[in-house]
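Trainee: Read off the chains here:
Number of protein chains: 2
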Amino acid sequence: MKTIVPGEISVRELHGYLLSAVAPRPIAFASTIDESGSPNLAPFSYFNVFSANPPIAVFSPARRGRDNTSKHTYENVKVVPEVVINIVDYAMVHQCSLASTDYPKGVSEFEKAGLTPVASDLVKPFRVKESPVQFECKVNEVVELGDGGGAGNLVICEVVKIHIADHVLTKDGKIDPLKIDLVGRCGGDFYTRSHDGLFEVPKPLQKLGIGIDSIPEDIRRSKVLSGNHLARLGGVEELPNETDVNEYKLIELADLFVTYEDQPAELEQKLHEMAAGMIDADKITEAWKALLTFNNG
Amino acid sequence: MKTIVPGEISVRELHGYLLSAVAPRPIAFASTIDESGSPNLAPFSYFNVFSANPPIAVFSPARRGRDNTSKHTYENVKVVPEVVINIVDYAMVHQCSLASTDYPKGVSEFEKAGLTPVASDLVKPFRVKESPVQFECKVNEVVELGDGGGAGNLVICEVVKIHIADHVLTKDGKIDPLKIDLVGRCGGDFYTRSHDGLFEVPKPLQKLGIGIDSIPEDIRRSKVLSGNHLARLGGVEELPNETDVNEYKLIELADLFVTYEDQPAELEQKLHEMAAGMIDADKITEAWKALLTFNNG
Chain P
1 MKTIVPGEIS VRELHGYLLS AVAPRPIAFA STIDESGSPN LAPFSYFNVF SANPPIAVFS
61 PARRGRDNTS KHTYENVKVV PEVVINIVDY AMVHQCSLAS TDYPKGVSEF EKAGLTPVAS
121 DLVKPFRVKE SPVQFECKVN EVVELGDGGG AGNLVICEVV KIHIADHVLT KDGKIDPLKI
181 DLVGRCGGDF YTRSHDGLFE VPKPLQKLGI GIDSIPEDIR RSKVLSGNHL ARLGGVEELP
241 NETDVNEYKL IELADLFVTY EDQPAELEQK LHEMAAGMID ADKITEAWKA LLTFNNG
Chain U
1001 MKTIVPGEIS VRELHGYLLS AVAPRPIAFA STIDESGSPN LAPFSYFNVF SANPPIAVFS
1061 PARRGRDNTS KHTYENVKVV PEVVINIVDY AMVHQCSLAS TDYPKGVSEF EKAGLTPVAS
1121 DLVKPFRVKE SPVQFECKVN EVVELGDGGG AGNLVICEVV KIHIADHVLT KDGKIDPLKI
1181 DLVGRCGGDF YTRSHDGLFE VPKPLQKLGI GIDSIPEDIR RSKVLSGNHL ARLGGVEELP
1241 NETDVNEYKL IELADLFVTY EDQPAELEQK LHEMAAGMID ADKITEAWKA LLTFNNG
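Quick mapping for you: the protein sequence lines, in order, are chains P and U.
The letter at position 175 of the first sequence is residue 175 when you use my numbering, and the numbering goes up by one with no holes.
Just remember that my numbering sits 1000 ahead of the position in the second sequence, which is counted from 1.
If we strip away everything but chain P, and leave its shape as in the complex, we get (with noise of 0.2 angstroms):
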C-alpha cells in the first residue's frame, strides 16, 4: 500500500488525493447575494446533508489553493447569511460548472450560465429555476477551518423550505431515485451520472442477521464465494432446517448428487457456483439450502 502523512505532500497533491478518494460527491449549486443585493452563484462539493431534526446541510467554499482568496459565496454568507442549495441534474451540469469560473464580483453566474433566478420565499438569495430540488436555507454558523490556502469554512445550513419539480416525484409524492437524474463530482475532471450506476441494496433486517462469524467455516471459506456474497449470507436471521435442506436435496439437487457421488471436491465447487448465481439473483434461502446440502446426510 501507498501511505501518506499530510504535511509531507504539498496541499494541492493532498487536495487531490482527498477529491478523487472520497467520491462520488453530491453538488451544493449556492445561491447567495451580498449587500447591495447582487446574486452570486457557485457549486461546491465539499456539500453534504448531515442532519434531518433540524435539517442541516453543510458546505465548504475553502479558501483558493493558488493565492490564499477567499470566494465570494463566503464573503456573501458572512453579511447575508442566507443561502439557496440548489441540486444539480444531468441536465444542467454544463451550465454549473460555466458558473464555477472566477467572475470578478457583481457579474451575475445566473447569467453567465444562461440559468433562471426565481425569487425564494422565505431568504433573499435566488433558487434557480431549472435545478430538481432548491433548498432554502438560513446559515446557523460558518466554521472557518484554516487560514491558509486550501483551508475549508463550514457553511452550516438549516432548510427552511424546500421546492421540488413534479418530474421526479413519484405518484405518492415522493423524489424517484428512478426518476431524479442526479450527477456527483469524483476525481480529476470525473463526474458521475447516478442514474447510471443505480443498484439496490436492501436493508439490512432489524432482526439481526447471524453475521459471516456464523456462517460455516467450510462455506466461509469458499474459493467461489465472495465477500458480498457472504455479507448476503450473513444477513440472514436463521438457517434453513435440516429437514427443508434435505427434502432440496432431494428433489432439486438429486441429479447432481448422483453424477459427482464419488467427486466431493468437484460436487463443493458446482454447489458453491450454483449458490453464486442464486445470491446473485437475491435468491438467498435457496442458495442458503444447496450449500447446507453438502455436509447434510
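Just so you know, these hints were derived from the structure itself, not from any lab.
Just to be clear, a hint being listed does not mean it is correct.
Facing chain P, according to a computed beta carbon distance under 7 angstroms, are these residues of chain U, among others [to be verified]:
hint	residue
1	1004
2	1021
3	1052
4	1053
5	1054
6	1055
7	1175
8	1182
9	1186
10	1197
11	1246
Quick look at which bits of chain P chain U covers, simulated, 3 or more residues with Cβ under 8 angstroms [to be verified]:
hint	region
12	192-198
13	238-250
Idealized CB from N, CA, C, for every residue including glycine.
The hints should help you fit chain U onto chain P, whose structure is shown.
Mentor: Relative to the frame of chain P, chain U by itself:
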C-alpha cells in the same frame, strides 16, 4: 412544484426527501473503539471531505429517528476521539451494509461482516484491510446539532495518515478514478456505482469564458441547442473571427448553403443540429464556426 416546510411533515418523511435529493453521497465506513478497546465499524453517508489544509473530513452518526438513542460510533468518539474512515468500493458494499446492523455493544462488526482489522499507525482504531483507501483521523470536535430523534452530530476529523491500495493507483502514484470502484448512497435502498456513470467535464478556463449571455440572440434562443450545449459555447474565451467563419462556410458548408438557398429556417435548423453534434464530440470551435455562418456574409 411541490413545496415542503420542515416541521409540517414528520422527521422520517423529511429525512427521506433529504436523502433522495442530496445524492450521490460518499460513504465513510467508520472504525472506532470504546473505552475497553472493543472495535466498532459502521457506515455513514452523512459524510464528506471539507478542507485540504488542514485535511478535514466530517461525518455524522445521527440520533436514531425511531427511539432517539445514540449510535455506538458517536459514543466511542466521545471517549476515544480517533477514527479510521475507510472508503467503500463495490466489492465490499454488501459487507458494509451488513455492518450497518445494530448489533449489541461489544459485538465486532469486523467479525459479523467478515472484514479484516489491521492495526493503524497513528490512531488506536483498526483499519479495514479490504478498503481501497483508509484515512487515519484524530477527532478535533463533535458538534451536536440537536437532541431529538434524527439530530445529527458533526464529527470533525483531521486526517493524519492515508493508506491507498496499489491496485487503484496510476503509474505515477495518483488515485485513478477509472480503477477505484467507488459506490455512493442515493435515496431509498439505492446505491450508485460511480464507475458506470463516469464522464468528464473539462474544468472551465482560468481565463474567463464569454458566458451564455454573450452568445448571439439567435443562437441562444435555439430550439435545438440545450442548456449544456450553450454552456459549452459560452465557455470559450473568444469567438472565431469573420475570416475563419467565411472560410469554413466556403470550404465545408458550400453544398448545404446551396441546398437550402431559399429556406432560411430549414438552413438554420440544419446548422444548429450540426453544431449540437459537434459540441457533443467536444469540437467547440468548429460548432461556433458552423453556427456563425448563418448570419455571416
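Trainee: Each hint needs a verdict: does it hold in this structure or not?
Mentor: Results for each hint:
1. 1004: Holds - the Cβ of residue 1004 of chain U comes within 7 angstroms of chain P, reaching about 4 angstroms at its closest.
2. 1021: OK, holds: residue 1021 of chain U within 7 angstroms of chain P, min 4 angstroms.
3. 1052: Hint holds; residue 1052 of chain U Cβ to chain P Cβ min 4 angstroms, cut 7 angstroms.
4. 1053: holds (3 angstroms)
5. 1054: holds (5 angstroms)
6. 1055: holds (5 angstroms)
7. 1175: holds (4 angstroms)
8. 1182: holds (5 angstroms)
9. 1186: Since the shortest Cβ distance to chain P is 5 angstroms, the answer is holds.
10. 1197: holds (3 angstroms)
11. 1246: Cβ of residue 1246 of chain U sits 28 angstroms from chain P, so the hint is violated.
12. 192-198: holds (count 7)
13. 238-250: violated (count 0)
When held up to the earlier numbered hints, the structure conflicts with 11, 13 and fits the remainder.
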